[in-house]
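J.: When you get a sec, could you build the whole thing from the sequences and use the hints?
Heads up: the protein sequence lines correspond to chains P and W, in order. Numbering of the first sequence is given in the numbering used here, commencing with residue 249 and proceeding in unit increments. Numbering of the second sequence is given in the numbering used here, commencing with residue 249 and proceeding in unit increments.
You may find that some hints are simply not true.
Which copy is meant is left open, so a pair is good if it fits within one copy or across any two.
[Stated by the list, open to error] 25 angstroms max Cα-Cα, derived DSS-like pairs, lysine-lysine:
id	residue 1	residue 2
1	K448	K322
2	K255	K602
3	K323	K532
4	K255	K475
5	K488	K357
6	K372	K448
7	K255	K694
8	K438	K358
9	K372	K606
10	K438	K398
11	K358	K255
12	K322	K295
13	K398	K471
14	K694	K323
15	K368	K357
16	K456	K255
17	K439	K407
18	K322	K372
19	K488	K532
20	K411	K448
21	K411	K438
22	K439	K323
23	K407	K448
24	K358	K274
25	K438	K448
26	K357	K471
27	K532	K266
28	K439	K411
29	K606	K323
Please keep in mind that the hints were generated in silico from the structure rather than gathered at the bench.
2 protein chains.
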Amino acid sequence: MNVEITKEFIEILSERIKEQNAKVVKEMLEGLHPADIAELFDELSTKDQAFVIDLLENETSADILLELEEDDRKKILHTFSAKEIANEVINEMDTDDAVDIINELSDRKKVEVIAQIEDKEQAKEIVELLRYDEDTAGGLMGKELIKVNKDWSVITAVKQMRKQAEDLEEVFSIYVVDDDDILLGTLSLKKFLTTSANTKVEDVYNSKIQYVNIDTPDMEVAKVIEKYDLYEVPVIDELKRLVGVITVDDVLDVIREEAEENYQLAAGITQNVDSDDGILKLTKARLPWLMIGMLGGLGAASIMSGFESALEKYTILLMFVPLIQSTAGNVGIQSSAIVVQGLANGSIKGGILKRLGKEFLLGLLNGLGIALVVLLITHFVFGTTYYVSMTICIALVAVIINAAIIGTFIPIFLNGRGVDPAVSTGPFITTSNDIIGVFIYFMIAKAILGF
Amino acid sequence: MNVEITKEFIEILSERIKEQNAKVVKEMLEGLHPADIAELFDELSTKDQAFVIDLLENETSADILLELEEDDRKKILHTFSAKEIANEVINEMDTDDAVDIINELSDRKKVEVIAQIEDKEQAKEIVELLRYDEDTAGGLMGKELIKVNKDWSVITAVKQMRKQAEDLEEVFSIYVVDDDDILLGTLSLKKFLTTSANTKVEDVYNSKIQYVNIDTPDMEVAKVIEKYDLYEVPVIDELKRLVGVITVDDVLDVIREEAEENYQLAAGITQNVDSDDGILKLTKARLPWLMIGMLGGLGAASIMSGFESALEKYTILLMFVPLIQSTAGNVGIQSSAIVVQGLANGSIKGGILKRLGKEFLLGLLNGLGIALVVLLITHFVFGTTYYVSMTICIALVAVIINAAIIGTFIPIFLNGRGVDPAVSTGPFITTSNDIIGVFIYFMIAKAILGF
Numbered sequence: 249m250n251v252e253i254t255k256e257f258i259e260i261l262s263e264r265i266k267e268q269n270a271k272v273v274k275e276m277l278e279g280l281h282p283a284d285i286a287e288l289f290d291e292l293s294t295k296d297q298a299f300v301i302d303l304l305e306n307e308t309s310a311d312i313l314l315e316l317e318e319d320d321r322k323k324i325l326h327t328f329s330a331k332e333i334a335n336e337v338i339n340e341m342d343t344d345d346a347v348d349i350i351n352e353l354s355d356r357k358k359v360e361v362i363a364q365i366e367d368k369e370q371a372k373e374i375v376e377l378l379r380y381d382e383d384t385a386g387g388l389m390g391k392e393l394i395k396v397n398k399d400w401s402v403i404t405a406v407k408q409m410r411k412q413a414e415d416l417e418e419v420f421s422i423y424v425v426d427d428d429d430i431l432l433g434t435l436s437l438k439k440f441l442t443t444s445a446n447t448k449v450e451d452v453y454n455s456k457i458q459y460v461n462i463d464t465p466d467m468e469v470a471k472v473i474e475k476y477d478l479y480e481v482p483v484i485d486e487l488k489r490l491v492g493v494i495t496v497d498d499v500l501d502v503i504r505e506e507a508e509e510n511y512q513l514a515a516g517i518t519q520n521v522d523s524d525d526g527i528l529k530l531t532k533a534r535l536p537w538l539m540i541g542m543l544g545g546l547g548a549a550s551i552m553s554g555f556e557s558a559l560e561k562y563t564i565l566l567m568f569v570p571l572i573q574s575t576a577g578n579v580g581i582q583s584s585a586i587v588v589q590g591l592a593n594g595s596i597k598g599g600i601l602k603r604l605g606k607e608f609l610l611g612l613l614n615g616l617g618i619a620l621v622v623l624l625i626t627h628f629v630f631g632t633t634y635y636v637s638m639t640i641c642i643a644l645v646a647v648i649i650n651a652a653i654i655g656t657f658i659p660i661f662l663n664g665r666g667v668d669p670a671v672s673t674g675p676f677i678t679t680s681n682d683i684i685g686v687f688i689y690f691m692i693a694k695a696i697l698g699f
Numbered sequence: 249m250n251v252e253i254t255k256e257f258i259e260i261l262s263e264r265i266k267e268q269n270a271k272v273v274k275e276m277l278e279g280l281h282p283a284d285i286a287e288l289f290d291e292l293s294t295k296d297q298a299f300v301i302d303l304l305e306n307e308t309s310a311d312i313l314l315e316l317e318e319d320d321r322k323k324i325l326h327t328f329s330a331k332e333i334a335n336e337v338i339n340e341m342d343t344d345d346a347v348d349i350i351n352e353l354s355d356r357k358k359v360e361v362i363a364q365i366e367d368k369e370q371a372k373e374i375v376e377l378l379r380y381d382e383d384t385a386g387g388l389m390g391k392e393l394i395k396v397n398k399d400w401s402v403i404t405a406v407k408q409m410r411k412q413a414e415d416l417e418e419v420f421s422i423y424v425v426d427d428d429d430i431l432l433g434t435l436s437l438k439k440f441l442t443t444s445a446n447t448k449v450e451d452v453y454n455s456k457i458q459y460v461n462i463d464t465p466d467m468e469v470a471k472v473i474e475k476y477d478l479y480e481v482p483v484i485d486e487l488k489r490l491v492g493v494i495t496v497d498d499v500l501d502v503i504r505e506e507a508e509e510n511y512q513l514a515a516g517i518t519q520n521v522d523s524d525d526g527i528l529k530l531t532k533a534r535l536p537w538l539m540i541g542m543l544g545g546l547g548a549a550s551i552m553s554g555f556e557s558a559l560e561k562y563t564i565l566l567m568f569v570p571l572i573q574s575t576a577g578n579v580g581i582q583s584s585a586i587v588v589q590g591l592a593n594g595s596i597k598g599g600i601l602k603r604l605g606k607e608f609l610l611g612l613l614n615g616l617g618i619a620l621v622v623l624l625i626t627h628f629v630f631g632t633t634y635y636v637s638m639t640i641c642i643a644l645v646a647v648i649i650n651a652a653i654i655g656t657f658i659p660i661f662l663n664g665r666g667v668d669p670a671v672s673t674g675p676f677i678t679t680s681n682d683i684i685g686v687f688i689y690f691m692i693a694k695a696i697l698g699f
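T.: Following this line, the structure appears as structure tokens:
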């Protein structure tokens, strides 16, 4: 069962691979799951990885390749000819995975590989799947499924299923179609276990099923699978014909990727990067937001310099700029995170005005709480005058309310315009809060202190 | 198939429910999936919700209750007696869901409900499951599974499976055990479709399977299911006996919750809240971090006031504090987000020193890029002296490197100590960067400008 992968095991294995000791390496990898072998690849050079892939059976190699990071996979496949990719890799994969791999190849190699696929049925299916947008149901689905005709008896269905099952790794659902291939429903395996052989499929299938259309966006597919607790969902085309099936494991990736993307955007990272990516790629993903933040900082400086003469008298005000800004920044991030998340999991309902009203109240409540503490600390610890303390506190309440409303409004506004609301979070909201916050602060100071 | 739920439909339905028109409401809800009915509940009062739950068949009602938010479910169940909960709700559920519901009840009601469960076998299983920690495999698993003895023939296995399948909603895997109930492997449904009736189970089952232990943490379970692309994973106890099974839909919730929690923590929200939660609950989740941020702002003010006499000469330095701080804050969030995410999805490997070295380089690169732009802008636009511009730029590079290293080190350090690294992100890292950043800035100013 589960093989214990110790540090020692990895060390010995790496040694043997470097020695290109085919026999021992093969033996050592014998009992391992492809996903575990893929993990070991992190410790190996591309050359050694290619050696292992070459060494193992095609089916295992294909599974390993699927588990690797895209960059690593590309490097290995680069060492393979189109014919090898077609016969040793693509041939062993489900169509949806095969399409993902082919999509990663250069345009020229793509054509070559497809031309080399021996199973003409599979080639046809792959060409069909390549037509669909990666981010839709068509791009996620595989062609591997079991379907039976509604007019068959259960015993005929079983025979056909056995035939169809040969190409499949695992069987979860049996789809029922009519003569035109139109999806009617499913025959659960349970029904199949408990029904007598002569019953007609028509009489026992379940017609209340969930499906998605070929052009449904991948996030919608994920929502359907999550909402109805499905293991797989059938995909139909414009004529309601059954054209493929999407399994929950494909959707797991979609869910995790979306959550990671939102998180990264909120943290000011513009491309999907990994901690193991190169310094140049990481810089490219991080520098743009830092530049925007920098412009925000310079913008704040420019606002302050506009009040220069007044500030000579009230230098103390400048010391509380960080307080104003960090508070505004934190409130903005909190508000936007809650909204972005609510939009992502579909829990945001009701009018925008009601929501903004609520954020106003929330900001007022939080603002008053913080302002009270700040009032006491500035006056008694920093020894600021009553007017200066009041300026700081009123400004705090104002910027908190402002940040809460901006943080709520922008994501909802963008979402309504069809823009991913996640792009608005993080540095973007923080930066605009920085500038507006400083401006509000000094305007209030001007009003109270009269400079 | 999919019923179109229009705004009009919802309005008419709400009307009929308010009129307590049982017959029409029942008809209208007939073709709907419980998950869809649960969504409609957002528009109804608790009284109306209870009316619908009462009206529908127990099985549908139980499914609806499972789909509701915890708060709504509690309110409805509050209107039910222990006997009703046991017979009309718990009785219809899989054991894992039943346990989740029972865990939400008050201690007194918990005991009453369990006493009322008529199916003594189910009651026994629920009591067993209640013993396990909610965040472990034991807390996630259900007892519903199909198991066959290795010594049976396939035909005997089929007969037994049919019997066991009656209690199950759906069949995905058939588990093979020995006389002591020790898990040996699985019999795939495909094998079962393609093997002759007299073959012994022992000869055809697959022994290379993944499993988890009863005390495996839920996040680990999710990782196993994701890594090996499983639909369900069996759970074994200390004696390696098969005690339950965890399905992928339970794990979907764990994955989404973890991603949301990390995101919320990074955004400075300390409790799992929803945009629809009350103002008090939202304040409780948001105020603590704002207070920490406030202390950071006051801390920065206190550091600056330590340089007061020097600042009278160089007031201009204060104007660039927001620039220093927001840059440091953004870098810190970026670095920590990448590390936290890498720790969550298991892609962080290799020594900490190497990683810190990389962040140092990355910080240096980003820092020099930004400093160059700032040098030009401050000198030519703001007209600062050469020395002041140099001060700002050198401080920028220093705080960026510092923020990158802190942002990387703290999550890895916490993770090594068994603390969830996500708590360190967001306001926490921002706040410490705020204070340290200002300190570095003024120390560099002191060295260069010599005040």
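J.: Would you mind marking each hint as holding or not holding in the structure?
T.: Results for each hint:
Taking CA atoms no more than 25 angstroms apart as the test, K448 paired with K322 passes in neither setting, with 49 angstroms inside one copy and 44 angstroms between copies. In this homomeric assembly, K255 and K602 come within 25 angstroms of each other (Cα to Cα) only across copies, at 19 angstroms, whereas the closest approach inside a single copy is 57 angstroms. With identical chains, the CA atoms of K323 and K532 are at most 25 angstroms apart within one copy only, with a shortest distance of 22 angstroms there and 50 angstroms across copies. Taking CA atoms no more than 25 angstroms apart as the test, K255 paired with K475 passes between copies only; the shortest distance there is 20 angstroms, against 41 angstroms inside one copy.
Proximity of K488 and K357 under a CA criterion of 25 angstroms is satisfied in neither setting, with 34 angstroms inside one chain copy and 49 angstroms between copies. With identical chains, the CA atoms of K372 and K448 are never at most 25 angstroms apart, being 32 angstroms at best within one copy and 39 angstroms at best between copies. In this homomeric assembly, K255 and K694 never come within 25 angstroms of each other (Cα to Cα): the closest approach is 66 angstroms inside a single copy and 50 angstroms across copies. Taking CA atoms no more than 25 angstroms apart as the test, K438 paired with K358 passes in neither setting, with 42 angstroms inside one copy and 33 angstroms between copies.
In this assembly of identical chains, the alpha carbons of K372 and K606 never lie at most 25 angstroms apart, being 55 angstroms within a copy and 46 angstroms across copies at closest. Taking the shortest alpha-carbon separations for K438 and K398, both the intra-copy value of 17 angstroms and the inter-copy value of 21 angstroms come in at or below 25 angstroms. In the homo-oligomer, the alpha carbons of K358 and K255 never lie at most 25 angstroms apart, since the shortest distance is 39 angstroms inside one protomer and 47 angstroms across protomers. Taking the closest pair of Cα atoms, K322 and K295 come within 25 angstroms of each other only inside a single copy of the chain (13 angstroms); across copies the shortest separation is 59 angstroms, beyond that limit.
Proximity of K398 to K471 under the C-alpha cut-off of 25 angstroms is found in neither arrangement, the shortest distances being 29 angstroms within a copy and 39 angstroms between copies. In this assembly of identical chains, the alpha carbons of K694 and K323 never lie at most 25 angstroms apart, being 62 angstroms within a copy and 51 angstroms across copies at closest. Taking CA atoms no more than 25 angstroms apart as the test, K368 paired with K357 passes inside one copy only; the shortest distance there is 18 angstroms, against 63 angstroms between copies. Taking CA atoms no more than 25 angstroms apart as the test, K456 paired with K255 passes between copies only; the shortest distance there is 22 angstroms, against 51 angstroms inside one copy.
Within a single copy, K439 and K407 get their C-alpha atoms as close as 16 angstroms, and across copies as close as 14 angstroms, so both meet the 25 angstroms cut-off. In the homo-oligomer, the alpha carbons of K322 and K372 lie at most 25 angstroms apart inside one protomer (24 angstroms), although the nearest pairing across protomers, at 53 angstroms, exceeds that limit. Proximity of K488 to K532 under the C-alpha cut-off of 25 angstroms is found in neither arrangement, the shortest distances being 44 angstroms within a copy and 50 angstroms between copies. Taking identical chains as interchangeable, the C-alpha atoms of K411 and K448 lie at most 25 angstroms apart whether they share a chain (19 angstroms) or sit on different chains (22 angstroms).
Within a single copy, K411 and K438 get their C-alpha atoms as close as 20 angstroms, and across copies as close as 11 angstroms, so both meet the 25 angstroms cut-off. When the C-alpha separation of K439 and K323 is checked against a cutoff of 25 angstroms, the pair qualifies neither within a copy, at 47 angstroms, nor between copies, at 36 angstroms. In this homomeric assembly, K407 and K448 come within 25 angstroms of each other (Cα to Cα) both inside a single copy, at 14 angstroms, and across copies, at 21 angstroms. For the identical chains of this complex, K358 and K274 are neighbours neither inside a copy (31 angstroms) nor across copies (55 angstroms), given an alpha-carbon limit of 25 angstroms.
With identical chains, the CA atoms of K438 and K448 are at most 25 angstroms apart both within one copy (16 angstroms) and between copies (22 angstroms). In this homomeric assembly, K357 and K471 never come within 25 angstroms of each other (Cα to Cα): the closest approach is 35 angstroms inside a single copy and 34 angstroms across copies. In the homo-oligomer, the alpha carbons of K532 and K266 never lie at most 25 angstroms apart, since the shortest distance is 35 angstroms inside one protomer and 57 angstroms across protomers. With identical chains, the CA atoms of K439 and K411 are at most 25 angstroms apart both within one copy (19 angstroms) and between copies (12 angstroms).
In the homo-oligomer, the alpha carbons of K606 and K323 lie at most 25 angstroms apart only across protomers (23 angstroms), although the nearest pairing inside one protomer, at 53 angstroms, exceeds that limit.
Of the numbered hints given earlier, the model fails hints 1, 5, 6, 7, 8, 9, 11, 13, 14, 19, 22, 24, 26 and 27; all others are met.
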